[in-house]
Each structure stands twice: as structure tokens, then as C-alpha cells.
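Participant: For the record, in the sequence shown the residue sitting at position 151 is 151 according to this note's numbering, with numbers rising by one throughout.
Any given hint could turn out to be false.
[Claimed, not checked] Below 30 Å or equal to it, Euclidean Cα-Cα: the simulated DSSO-like pairs (lysine-lysine) are:
# : residue 1 : residue 2
1 : K92       : K75
2 : K92       : K156
3 : K75       : K154
Calculated directly from the structure, the hints in this document are not laboratory data.
Remember, it's a predicted structure, so these values are computed and weren't measured experimentally.
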Amino acid sequence: MPNYMRRKLIVYLIGIFALAIGSNLFLNAALGVAPSCSLALTFTFLLPGSYALFNFIVNTALLILEALIVHKFGKTQIIQLFITFIYSYLIKLTSTFLTHIQPHSFLEQVLLAILACIVLALGITLTIHSNLTVMPYEGFIGALAIRLRKDFGKLKV
Numbered sequence: 001m002p003n004y005m006r007r008k009l010i011v012y013l014i015g016i017f018a019l020a021i022g023s024n025l026f027l028n029a030a031l032g033v034a035p036s037c038s039l040a041l042t043f044t045f046l047l048p049g050s051y052a053l054f055n056f057i058v059n060t061a062l063l064i065l066e067a068l069i070v071h072k073f074g075k076t077q078i079i080q081l082f083i084t085f086i087y088s089y090l091i092k093l094t095s096t097f098l099t100h101i102q103p104h105s106f107l108e109q110v111l112l113a114i115l116a117c118i119v120l121a122l123g124i125t126l127t128i129h130s131n132l133t134v135m136p137y138e139g140f141i142g143a144l145a146i147r148l149r150k151d152f153g154k155l156k157v
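Given only the sequences and the hints, what does the whole structure look like? Please build it.
Facilitator: Right under this line is the structure:
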């Protein structure tokens, strides 16, 4: 593997790690989560299983929908599935290290949510900057935007 690809992969994985940490910080703040994580969080209240497991299931379902829209399950989708597994595993792993962070007041919750936003922004920046692949949520919205001939940003909202 060439050095530039190795660096891009390392940056991407650090970004995924930051996304997992940010996601868990949001959970600990208990003020809500990113829209891409809300369905997985909802399942944790309805069914037995962990947030990481439901995150993997939801992202895999979105990946399958993306493949149905583009009429193929190719290299991009295989990479996204692998990244989804890594991301979900990192959510589970980082949750064990972050369980001791429990805010006791509303102000602490707000500060933790702000920290979560900063960490998520860092993760998003690193994954985008690496220019390797997108998570299934963005892949699904991107495929849908192309199919419907709509603007990605407007459709995502």
C-alpha cells in the first residue's frame, strides 16, 4: 500500500474513532443524538440489544437500500459494510471507557453535548478530508439524491 493511501486510511480511522466517541458523549449527555443515530437509539428503548448493535443493523439496512437504488452491491458497498462494522465496534469499545462521564446538572449536560458536537465535527472533518468513502447513511442519501434528481443537502435535511 502506498504511503499516501496508508496516511489517508489512518486519518479515516481516526475520524471514525472520533465519531464513535462523539456519539457516546451525546448518549451520556442525554439531550439527544445526531439524526443518523436516532433510529438506532430508539431501538435500544424498544428491543433488547446495545446501541452499537442497532447502529450496525440500521447502517446495514441503509446500505442494502443504497444497493437497491444503485442496482448493485459492489466494492463501495463492501467497504461501507466493513466501515460500519468498525464504527459499531468502536461505539461499543468507547462506551466502556466513557461510562464514568455522567453529567449531574443540566449545565453539565449542555457542556457535554457541546463537547460531543466538537468531537463529531472533528470526526466528520477527518473522514471527509481522507476522501475514502462515506458512511451508509450518506451513501443512501447520495444514491437517493441521484435517483430523484434532488440536491443532496436538501434531501438529507
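Participant: All the hints need checking, so say for each whether the structure fits it.
Facilitator: Outcome of the hint check:
no.	hint	in the structure
1	K92 - K75	26 Å, holds
2	K92 - K156	26 Å, holds
3	K75 - K154	27 Å, holds
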